[in-house]
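Engineer: Chain residues, written in single-letter form:
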Amino acid sequence: MSIIEFNNIHRAYKRGIDVLRGVSFSLEKGEVVGLLGKNGAGKTTLMRIAMGMIEPQKGIVSLFGLGPRDEPIQVKRRVGYVSEDQILPEFLRVREVIQLHRGLFPTWDEALEHDLCKRFSLPLNAKIRSLSKGQARQVALLCAVSHRPELLLLDEPAGGLDPAARREFLETSIQMLNETGTTILFSSHYMSDVERLAGRVVMIHEGGVLIDSDIDLLREGHSLVLVPHAPKVTRDALLSIEGCIGVRDRSDAMHAVFRCQPRDALDRVARQFGSTGARHRDVALEEMFIELVGGQS
Amino acid sequence: MLIVVDPHSGVPVYRQIMDQVKFHVASGLLNAGDELPSTRALSSELGINPMTISKAYSYLEREGVVERRPGRPLVVKAFETNQIHDNRINQLRESLAATVTIAKQLGIRNDEAIAVFRELLENEANPQAPDNEGKEQS
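In order, the protein sequence lines correspond to chains F and E. Per my numbering, the first sequence starts with residue 1, numbered consecutively. Per my numbering, the second sequence starts with residue 1, numbered consecutively.
Each hint should be verified, as a subset may be incorrect.
As the list claims (entries may be wrong) - Covered stretches of chain F (chain E as the covering partner; in silico rule of three or more C-beta atoms under 8 Å from a C-beta of chain E):
1) 169-177
2) 197-207
3) 213-222
Unchecked claim - Computed footprint of chain F on chain E, listed as stretches where at least three residues anywhere in the stretch have a Cβ under 8 Å from a Cβ of chain F:
4) 37-44
5) 48-58
6) 85-97
7) 101-109
It is worth saying that the hints were derived from the structure and are not from the lab. Here the structure is a predicted model, which means the values were calculated and not measured. Backbone N, C-alpha and C fix where the C-beta goes; we use that ideal spot for every residue, glycine too.
Working from the sequences, and respecting the hints, build out all of it.
Structural biologist: Structure below.
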């Protein structure tokens, strides 16, 4: 049984704009999946549907085989959730927020709680409202993982954090993976975090799943070819080559992404244009993301 | 063991780890019987998904670079002396493959490319050689 399963999820907003039009994918135990997509692609909507905070208009979401709105307590006890815009009660002290969570979760691990308090140097007596953005997110993370959840849902958890705090976040997630075998679904605009943490990526685009792939296969199955500018080297000419899925006109050269091995891509470019001085470069995930969805990442 | 991962490089992280372990073995920084850090330890140290480390390790095992013994850390496999030499040659071959591609793309003839390689090697061996072009390279 999958840890979490989205089956044909549809969700539109009041304006009648479809955000999700039939999204399906699932995570098996211990998998770490990076959820990618442009702003507004529906990543947050999907996470909220998983948490039972909103309901899909069509389709079924299940966590551990249970519906988050049918068995909210059963489900939430086994899940940890952190989002960029999460709100903690401002008038409470850090200590009180932690106590509150400790009481809600039978599996709460006090040793882990203390460990994280120390690592994050949290001011236990401070009021939530006096915390920095980074500290508040660390409190949220502590509350999300100290019951050692089977599933972590992280919605832009590092958004707005400085590099040191981001790294803490990453390391805590990795600790959960190592110690608890936690399944993780996370969204992030930081592609380097995705490369570090994710074993698989799911890319949401125009309401559906554009890509669902092992991260290494994704990279190894694509190549980036830089073709020096020349009159015959046009966007259309490149796109007409077999396997070429995206072209960007950059100052140094035309950047073309191919869905094939570098050698094949270079051969095809040479066949089209003759000797051009084209060369291959490994594609970083970020570049591929921009090529595929054309977005601001 | 020094391993550095660059998540922006475009080379899959597991391959970066494999390449560096192989390089350390070929260069003699890692010797037969040396233990590799556990998956967990390396995962925490590098801030990398532990599955990625296991993947790198199992490919290294399949390629015969390391061996797994039940309940013990992975160790670098013992090599025959000539095998160490073979490994070094293989490392060189892999690095040169990219250069060959560039030479082909630039339309350079084989004998010219070989001459350049020979020239660079010889300049490296005698850095004082009175060859201005070579001096800049070394």
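Engineer: Against this structure, judge whether each hint is valid.
Structural biologist: Verification of the supplied hints:
no., hint, verdict
1, 169-177, "holds (count 5)"
2, 197-207, "holds (count 3)"
3, 213-222, "holds (count 4)"
4, 37-44, "holds (count 3)"
5, 48-58, "holds (count 6)"
6, 85-97, "violated (count 0)"
7, 101-109, "holds (count 5)"
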